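Trainee: Sequence:
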Amino acid sequence: MNDIIAGIDVGSVSVSVAVIDRHKKLIHKAGSVHHGDVKECLTALLSHEVMRSVTHVAVTDASPGFIFCHERVDDQVALIRTAKFLHRESFDALLHVGGEKFSLSLFDDTGNYTGARHNTSCAAGTGSFLDQQARRLNLEGSHEISEHAMNNRQDRPDIATRCAVFAKTDLIHAQQEGYNIDQICDGLCYGLAKNIAN
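One rule links them: number in our numbering = place in the sequence shown (from 1) + 12.
It should be emphasised that the hints constitute simulated quantities derived from the structure, not laboratory data.
With a cut-off of at most 30 Å between alpha-carbon atoms, the simulated DSSO-like pairs for lysine-lysine come out as follows:
1) K206 - K96
2) K51 - K41
3) K41 - K96
4) K37 - K96
5) K51 - K36
6) K96 - K36
7) K37 - K51
8) K206 - K180
If you're wondering where the values come from, they're calculated on a predicted model, not measured in any experiment.
Based on the provided sequences and hints, a complete structural model is requested.
Mentor: Following this line, the structure appears as structure tokens:
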């Protein structure tokens, strides 16, 4: 049997596709920001030639119902199973930060799932929050913020990341105080990490 499986995940910000063979070997992966047009984005990703050999399709529960599939998988279960497959050693926690939500899955000493914690309905502290701040700084997205933050070797300003309104005020204040873009991005990332940890 020559099964080729496509896994599709549609999040609040992007669409991701992974194609594996029956031996769980990754054949193809792709992802793209959908900007609210999931169908067009997904159609473009599915136009890759490898998709012609796909025999089964699985999607995460968060993905829209219009996507044809053979199986729907709970998002958290998909993350946990993937982490256990990729990292065979035992771990006690799995942190997932998405565009709109984040979660912390917890495990005991033997690797068994014990529960999870999730953020509130507010998107502060998520990828879309960083993307919003990137637009304010005339950057392309959260990936550029990360690059600038990694380059910083100076003090970082304190930036409130629990609320987009407070973050905007702190960004303006940091710019007025003479902090450069690397420092400001570092402050944003540090604040975001603290917010998630709290």
